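Residue numbers (our numbering), protein chains in the order written: chain A, 2 to 107; chain B, 17 to 334.
Worth flagging that the hints you see were computed from the coordinates, not collected in a lab.
A couple of the hints might just be wrong.
[Stated by the list, open to error] Away from chain A, derived, C-beta distances all over 12 Å, residues of chain B: (1) Q23; (2) E41; (3) D107; (4) D135; (5) D152.
[Stated by the list, open to error] When the alpha-carbon atoms are kept at most 30 Å apart in a straight line, the in silico BS3-like pairs for lysine-lysine are as follows: (6) A:K88 / B:K29; (7) A:K95 / B:K39; (8) A:K69 / B:K190; (9) A:K88 / B:K305; (10) B:K34 / B:K234; (11) A:K69 / A:K88; (12) B:K127 / B:K171; (13) B:K234 / A:K69; (14) B:K171 / B:K29; (15) B:K39 / B:K127; (16) B:K39 / A:K88; (17) B:K261 / B:K190; (18) A:K88 / B:K277; (19) B:K29 / A:K95; (20) A:K95 / B:K194; (21) B:K224 / B:K194; (22) A:K88 / B:K261.
Note that this is a predicted model, so its numbers are computed, not measured.
Ideal Cβ placement from N, Cα and C applies to all residues, glycine included.
As a plain string of letters, each chain reads:
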Amino acid sequence: MELGSLQDPSKATFSFVDEDHTLANAVRFSLNQDPRVSFCGYSIPHPSDARVNIRVQTTGDPAREVLKDGCQNLMLMCQHVRSIFDKAVDDCRKNNHMEMETSIDD
Amino acid sequence: MEGVSYQRFPRVKIRELKDDYAKFELRDTDASIANALRRVMIAEVPTVAIDLVEIEVNSSVLNDEFIAHRLGLIPLTSERAMSMRFSRDCDACDGDGQCEYCSVEFHLRAKCITDQTLDVSSKDLYSSDHSVVPVDFSDSAGYDSSEQKGIIIVKLRRGQELRLRAIARKGIGKDHAKWSPAATVTFMYEPEIHINEDLMETLTLEEKISWVESSPTKVFDFDPNTQQVIVVDPEAYTYDDEVIKKAEAMGKPGLVDIRAKEDSFIFTVESTGAIKASQLVLNAIEVLKTKLDAVRLSEDTVEADDQFGELGAHMRGG
Numbered sequence: 002m003e004l005g006s007l008q009d010p011s012k013a014t015f016s017f018v019d020e021d022h023t024l025a026n027a028v029r030f031s032l033n034q035d036p037r038v039s040f041c042g043y044s045i046p047h048p049s050d051a052r053v054n055i056r057v058q059t060t061g062d063p064a065r066e067v068l069k070d071g072c073q074n075l076m077l078m079c080q081h082v083r084s085i086f087d088k089a090v091d092d093c094r095k096n097n098h099m100e101m102e103t104s105i106d107d
Numbered sequence: 017m018e019g020v021s022y023q024r025f026p027r028v029k030i031r032e033l034k035d036d037y038a039k040f041e042l043r044d045t046d047a048s049i050a051n052a053l054r055r056v057m058i059a060e061v062p063t064v065a066i067d068l069v070e071i072e073v074n075s076s077v078l079n080d081e082f083i084a085h086r087l088g089l090i091p092l093t094s095e096r097a098m099s100m101r102f103s104r105d106c107d108a109c110d111g112d113g114q115c116e117y118c119s120v121e122f123h124l125r126a127k128c129i130t131d132q133t134l135d136v137s138s139k140d141l142y143s144s145d146h147s148v149v150p151v152d153f154s155d156s157a158g159y160d161s162s163e164q165k166g167i168i169i170v171k172l173r174r175g176q177e178l179r180l181r182a183i184a185r186k187g188i189g190k191d192h193a194k195w196s197p198a199a200t201v202t203f204m205y206e207p208e209i210h211i212n213e214d215l216m217e218t219l220t221l222e223e224k225i226s227w228v229e230s231s232p233t234k235v236f237d238f239d240p241n242t243q244q245v246i247v248v249d250p251e252a253y254t255y256d257d258e259v260i261k262k263a264e265a266m267g268k269p270g271l272v273d274i275r276a277k278e279d280s281f282i283f284t285v286e287s288t289g290a291i292k293a294s295q296l297v298l299n300a301i302e303v304l305k306t307k308l309d310a311v312r313l314s315e316d317t318v319e320a321d322d323q324f325g326e327l328g329a330h331m332r333g334g
């Protein structure tokens, strides 16, 4: 993964090697939620190359920091989904177990 | 942490959970997140699969590469895969990918000595590691437990023999579908269906019944007692627009309003048996997190590089 930017730090294009729509679309979504972002889009320049370019333009903050925050937010969300999914699985197992016990009792 | 105000924390509700099947709701998030999760589950959650086959003897009717391909497609239990190493970046073995940290060895020896055809199946594969074995389907399906049915690899007639050594390695579905832990992963938007009751009342009994029957899936039903059309199963709706077209054809546009709730998704996950369906979802989140970390870390390296200033440029050969 590499970084390509000009003199103005509020506009930058980031090139992610070995990534595709999976990551890029989620990052784009996360960045577009950020009020500091004036534009964010991504493209896959050639389908045979494992590479995505993500363009970030902000209202003034450095694009690099904003991208980092976007990733951080996604991470937090992943963490959150993971913990609630874990909990939901446990609850589900517990309920199933109870149902089985009651059916044995019947 | 600044700028978190716009962030949403999704909710999860599990509807059904079996070893190889999971159905759950994911709410308060966006299609891009749901799709990232789906794509990771299919193509980027690692499993173990046979990757290298050395054939000693093969006098069966199938040629060597055919058998090697079939062996590769057998799902192997891969709970350990997340903590295993990819052979390509394993430093314990010098790149030949045959050490305990990155590979599992299998042996298969079978010879038919009777007049009855011998089925060589995944049950005949002997693993060097008891945690990585061919997936056993016998308990879940309706087979007799006495009848041990594995996945058939080849059939041998009298005198034919198969002897081989196979190396299983960690990999991801992106490189080859044999490493994909998912049989199917799908998500759908939750539909919101509102019947315009006033307009519905203007329909005759026959019209109501024929409208209900115009839906290819059983979304609506006609209650003969109250003479009303009711929504019985909104999730059976496949966004086929048939009922909307039917209403228009009957001269009653706007009879029903169907909308996709764009922030709630119903996931169905089916696993090949390599990983439990619930574990597959958790592993997918873990993989996604690793990816995001990689982006952040690589930026740190650029930053660190900047701090070195001229020295950094010098080291890069500038």
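* Asked: Any hints this thing doesn't respect? Which numbers, in order?
  -> Numbers 1, 2, 13, 14, 15, 17, 20, 21, 22 - these are the hints that the structure violates, sorted from lowest upward.
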